[in-house]
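Colleague: As a plain string of letters, each chain reads:
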Amino acid sequence: MSAPKKLDLPAVRALLEKAHGRDYWRSLEDLAETDAFQDLMHREFPRYASEWEDGEGRRNFIKLMGASLALAGLSACTRQPTEYINPYVRQPEELVPGRPLFFATAMPLGASSTGLLVESHEGRPTKIEGNPDHPSLGACDVYAQASVLGLYDPDRSQALAEEGEIRSWSAFLETIRQAVEAQKAKQGAGLRILTETVTSPTMADQIKGMLAAFPAARWHQWEPAMAHSAAAGARLALGQPVNTIYDLRGADVIVSLDADFLASGPGSLRYARQFASRRRVRDSQTGMNRLYVVEPMPTPTGTKADHRLPLRAADVEQFAWSLAAAVGADTGGRKGIPNAAFDKWIGAIARDLQRHRGASLVIAGEQQSPAVHALAHSMNALLGNVGKTVVYTESVEANPVDQVASIYDLVKDMDAGAVDLLLILGGNPVYDAPVELGFRDRLKKATLRVHLSLHEDETSELCHWHLPMTHYLETWSDCRAHDGTVTIMQPLIAPLYAGKSVHEVLTMLTEQPERPGYDIVKSYWSRQHTGADFEAWWRKVVHDGIMPDTALPAKTVALRQGWAASLPQPASRQGLEIIFRPDPAVFDGRFANNGWLQEFPRPITQITWDNAAFMSPATAHEKGVVTSDLVELEYRGYKMRAPVSIQPGHADGCVTVHLGYGRTRAGHVGTRIGFNAYGMRTSNALWQDFGLKATKVGSGYLLVSIQDYHALDTRRHIIEKAAIEEYRRNPNVIQESAEAPPRELTLYPGFPYDKYAWGMAIDLTACTGCGACVVACQAENNIAVVGKQEVHHGRHMHWLRVDSYYHGDIENPEIYNQPVPCMQCENAPCELVCPVQATNHSSEGLNDMIYNRCVGTRYCSNNCPYKVRRFNFFLYSDWNTPSLKLQRNPDVTVRSRGVMEKCTYCVQRINRAKIDAEKEDRKVRDGEIQTACQATCPAEAIIFGNINDPNSRVARMKAEKTNYGLLADLNTRPRTTYLAALRNPNPEIEA
Amino acid sequence: MADERPLIDEELQPEPVIAPGYTFGTVTDQIASVVLTRRTPVFWMACFSAGFALLLLLLWSVALLFAKGVGIWGIKIPVGWGFAITNFVWWIGIGHAGTLISAILLLLNQQWRNSINRFAEAMTLFAVACAGMFPLLHMGRPWLFYWMFPYPNTMGVQPQFRSPLVWDVFAVSTYATVSFLFWFVGLMPDLATLRDRATNRWARGVYGMLAMGWRNSVRHWHHYETASLLLAGLATPLVLSVHTVVSFDFTIAIVPGWHSTFFPPYFVAGAIYSGFAMVLVLAIPLRAVYGLEGLITEKHLDNSAKVMLATGLIVGYSYMLETFTAWYSGNVYESAALWNRMTGPYAGAYWFLITCNVVAPQFLWFKRVRGKPILLFLASLVVLVGMWLERFVIIVTSLAQDYLPSSWRIFTPTRWDWATYLGTIGLFLFLFFLFIRLLPMISIFEVRTLLPQAKIEEEGQA
Amino acid sequence: MRVRSVRPPIYGVMAEFNNPTALVNAAREARARGYRRLDAYTPFPIEELAEVLHLPKSKLPLIVLIGGILGGLTGYLMQYYVTVIYFPINIGGRPLHSWPMYIVITFELTILFAAISAVLGLLGLCGLPMPYHPVFNVPRFARASRSRFFLCIQATDPLFDRKATEDFLESLEPREVAEVAH
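Protein chains in written order, with the working numbering: chain C, 2 to 992; chain G, 550 to 1011; chain V, 2 to 183.
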């Protein structure tokens, strides 16, 4: 084959002009007709064929199914914790077999936590729901949704190990006691504790207590994906580390400086809901906030922007300088480096901000430089947003330290041989510590090394002792939300393995080493609780999942005068910019062994099972690479091979890499996939820096994405969209463009749906494409994981997918997200062609699928215009691994080989609600049934209900003028409909 | 189909269809000897063992298929049908020539059919057998195939009679049954001949059993003639219906590129097209090897070639019409589907099939080409390849890129797709050469009627 | 006609001819002589013989017609029963009795039943399968399926007389005349 034709931008644009008007382009490679793409295309006849034994993928797939032994027999017994825990709605003695109970707890992640209600079937936590009373407002992100699989992960470490030998806790206790005794003499000078970010008051109290006993001991913290520079920025501008909380309900104009505040970071769930609440256009109410986003890599927040500008991370800072200057904020007279890309915007945005004093908001991205944070603070201050849309509180962290310095000190001490006993409680520093510290080698200099973690990972490998940690669903603990609200975490199930919680390990260093976590947590709070009736209070707190009035109080801070003066001018800007970001699915690498997250199609890119070097079409063109080529990234002498992925809307001149891959000891699922970006990440450039070189070294890497074509062909009625102005001018603009044939236009009498008629409406204006619904659906419906190779073959099983479409210019297209569940068509094409009546219509309009009748002709899928049906080409479900059996939802069939499956609107939930209603002799109330996707959606974009009831939320949404059916012109009569995607562009800029 | 009748009718000319010099005896002996001889020609050995080898390949891949699931093929979402259904349609199509020749040409009183109808019918049976396997094999749970048939069962569920797949079940099984009956009825007198001529008592016993005591009585012949006319009358609409029904698999679906009303005639024409191609591919070597040039004459080849030309033109016309309607309808999905077919990932396959099915047959206009068996043989092979590609393109390209671009995906066959396909070719050869060896490949009694001696001289009456 | 109560000593007398014309003429002669219990054996169908021997029209078409009608009814009623009475269910919003979609199966079953009754009818009318028949006792009769034409006058014929009939057949210049033993 000839050398790959380069992606020729001018040519691409030319094609764009030609191809059915600039709307219609399918994917970059297709346009550029590169060989790489034609490779993909021209495979009518096999080049390398066999699927059934293709080493990698199938092996992965087997792996996913495998690794079961240790748990045999476990599936049988119900494992209630011994302590008394409080069910959310009913008391356990009321436990009715077949009726799930819900327990409140929370999932801590970084400096925040998500409040949860965990569904428990006969003592088995099976599904995560959000806790509406919690600051996270009852929504969940993908991490929380997938965490239940993490609990049952067969690869979790299942026993203590000393140098790989299985040991008992008492053996460890002996060792540790000796070590601690030895420290007593020297005030604990050789004792070091390394933790991740700690928000747990109890844990903080334990550590502080210990530091009191050992004054010379040290407590270090390191978490790779924290907002390290936010604290620095706060110190810079406000003179102290603060926690910044936003209130988007009051924000009419929002400027995001590379902040993905809708989909990641503390509070994002709450922000997403508040943001959506200001964009909900209902016929009378057409008010809409306006969002400007500048960012290098498209994020879910970017897709919601009314104006999005791709900028290199460093240029975001320059943009911030210029904007601040234009707004008139205190920049010490400094301006950003002039930049044609954004200069024409600055004025307009500044005016827009000034028009909305006190009702505007500037948000700095967690990963952005301290300067950007400082500028955001000063702009918000100037615009009078503080106290309105911005609230400052004390830090949520128990001990906010500069973590970079913290781990640096630890390494220094280890190097100096000053560390006798090192306790690593959680985290995986060997894998994720800044590379230039050489943590791996220096760690070996600590005399006794103990590592507590869920998996036996890279760090455990280098420690004398590995202690299995309890999963948060097995643990008594506490944690804080982004606003400081405390949740008492209660275990849903007794530890599956010989695990212990952080608290239980810490207490081993004290005089009462055997205290159960329950006592530790409870006694701490009994000391904090001032009032009498502690027991009652405790029960209520545990029951509710939040501790009242523990949200941190707002504090007033003043902007330091002349803060800007101290800042150095930007350093050299030579070469490409490298940008590190946490992976949207495996985060900082801790979720690498979670099959659901690995197979979770990343928002926008739709890539699964890999990370990649994302770059803009122009940059790729310049480097002469195309998607799935291999490039060698060279940065500060560190080298790394990575597959290229060309990302429309990515900023030119920079490369985004996601952390969390290239694990060497993650487990059967996550080991040795992707490349380890930590290998290039240094402590003084944690998130972005210049000086990257990228050279092509190969091609044909199997980079698997769930969506190959992102074209938005506006002649197909896929996504209806309009600017809010058009809509105000003509509310019928949507319905005029989407054509649905009238109901009378048929010879058939049609079937009546007189009792219930279930339907769904999805608000494309609200949807951020975060994908939580996809994982929620997977958890609720026992959807199998198929592995990279099978995804490559187009056999992923997600019942619900979030399509992403690009519209317009490839450098900076508008990006649309569209969740696509089954449309439950009233005239279902799939039913008509099934030869065995395996799929047919229920009296309530559901398009039912009868697995045990299906013979697997796949005709229904062929005839489904929405392609929402999924087929078990092999036996995908794991029928063997006991721990995975525990996770399954008992109300949903586990599918076998050779049958079709599809979204059922969570029919099991519908039926449960109907049974309850019948028992109480009433109709099902609106909102009583929430589908899994709806329940978890942070933006409340998905609404399900009975469309026969004109007052139901769904009926009212369907009555909206923005409501349209996907491909409605086929007269399939979809029960799932969409509300058009509306944007609120700034006329000054549009012009 | 009306279109090709005139072409055949113009063949009603006095010129004898078989070479002069044959008598009732020599005709009988020459055809029967192929079966009754002890010596087996090397050609037969070669073809038979080739077929057998491929048959083993088929068994292997089917075993694997049942053990692991249809995932061993290249099919995926959205391309739920790949080689399996392509092969099904292709084989069924080939299966059309036999019945067409024996039924329609009988009704049209085309005497030249008499020396090719027998093996054409056999070919039909075996082709249908190959075709029939695929709907079964391609199911996710093939062990439940019987759920496709209506039968009283405890589940209280019956087939879904609106589904074209169920129509297929009825159409194909009916076609198979009727073709077999027709073929067997045609065999009875010849079986009697073999019975009477066999020297080996085993052979005599078996053939006798099969002949069921046929004794060439005028009373037998009397009913027999009526029966074959009636069967021909029934088989004619049947043969036209079968591929119509097969085309419903696609036209009933709403997939752009499938959903069009002119598929039935288009498919039937294509079927006869490929059917006659297969007849020629088989007949040309056979007559050479067994020295049957006198019975299967240039005239037979010429006529078959003309039928191919005619149906080939219809097929070509259908391609044009397909494209035209896609453009004329102004339907964005239809036009996009056709556009993708011609320029998209499968453009290569599409243009290759156009070359095979539309360009290649044009050479059949020339008598010089029709007169050269070797050229005809090659042309027929090309047509067979083309017709397979046609089905592949229709099925796969339409599915690969339908309504929502987000779900578009390209189909890539695996080695097991190919193994299964080649395997059925093996099965076909295996059965066909078994037939050549064990049964008269040419209808003896019908050839007798073609001899001049068979005429009753009028002066006999006095 | 009257049927002989006693079983005749032989089945009949058979003459062998070289070509169809001779046979047809012979058969015509025999009819003229008043022989009725005649049968002719030919290696291929000869329409003239049916006329000459005044064979009644075949009942096969009627049988096939009945078979076909039966098949059609079966097809349609089965589908109607299943979709409307036995298991009425909403399939893709189509009416329960969607008759246009029943046509195919109705048609196919019509053909199937008709074809089967045609074949069974043929066998029935020809009295096949028939494991034994006297005519095969004539050694040369084997040629009836190759190249020779036979005329057989059965002993059950009222005019049959062993000697006279043989003489009569000899008078037709056959290749050979033979008695057909039971």
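Derived from the structure by calculation, the hints contain no laboratory data. Each residue gets a CB set at the ideal place from its N, CA and C atoms; glycine is no exception. Any given hint might turn out to be false.
[What the hints assert, rightly or not] Per label pair, the in silico range of CB-to-CB distance:
| id | chain 1 | residue 1 | chain 2 | residue 2 | range |
| --- | --- | --- | --- | --- | --- |
| 1 | G | TRP888 | V | GLY125 | 56 to 66 Å |
| 2 | C | ASN881 | G | PRO786 | 49 to 59 Å |
| 3 | V | MET131 | G | GLY574 | 45 to 55 Å |
| 4 | V | ASN138 | G | ARG587 | 38 to 48 Å |
| 5 | G | LEU870 | V | MET131 | 50 to 60 Å |
| 6 | V | GLU171 | G | PRO786 | 46 to 56 Å |
| 7 | G | SER722 | V | PRO62 | 22 to 32 Å |
| 8 | G | LEU870 | V | TYR87 | 35 to 45 Å |
| 9 | C | ASN853 | V | TYR87 | 31 to 41 Å |
| 10 | V | ARG38 | G | SER722 | 40 to 50 Å |
Colleague: Are any of the numbered hints broken by this structure? If so, which, sorted upward?
Modeller: 3, 4 and 9
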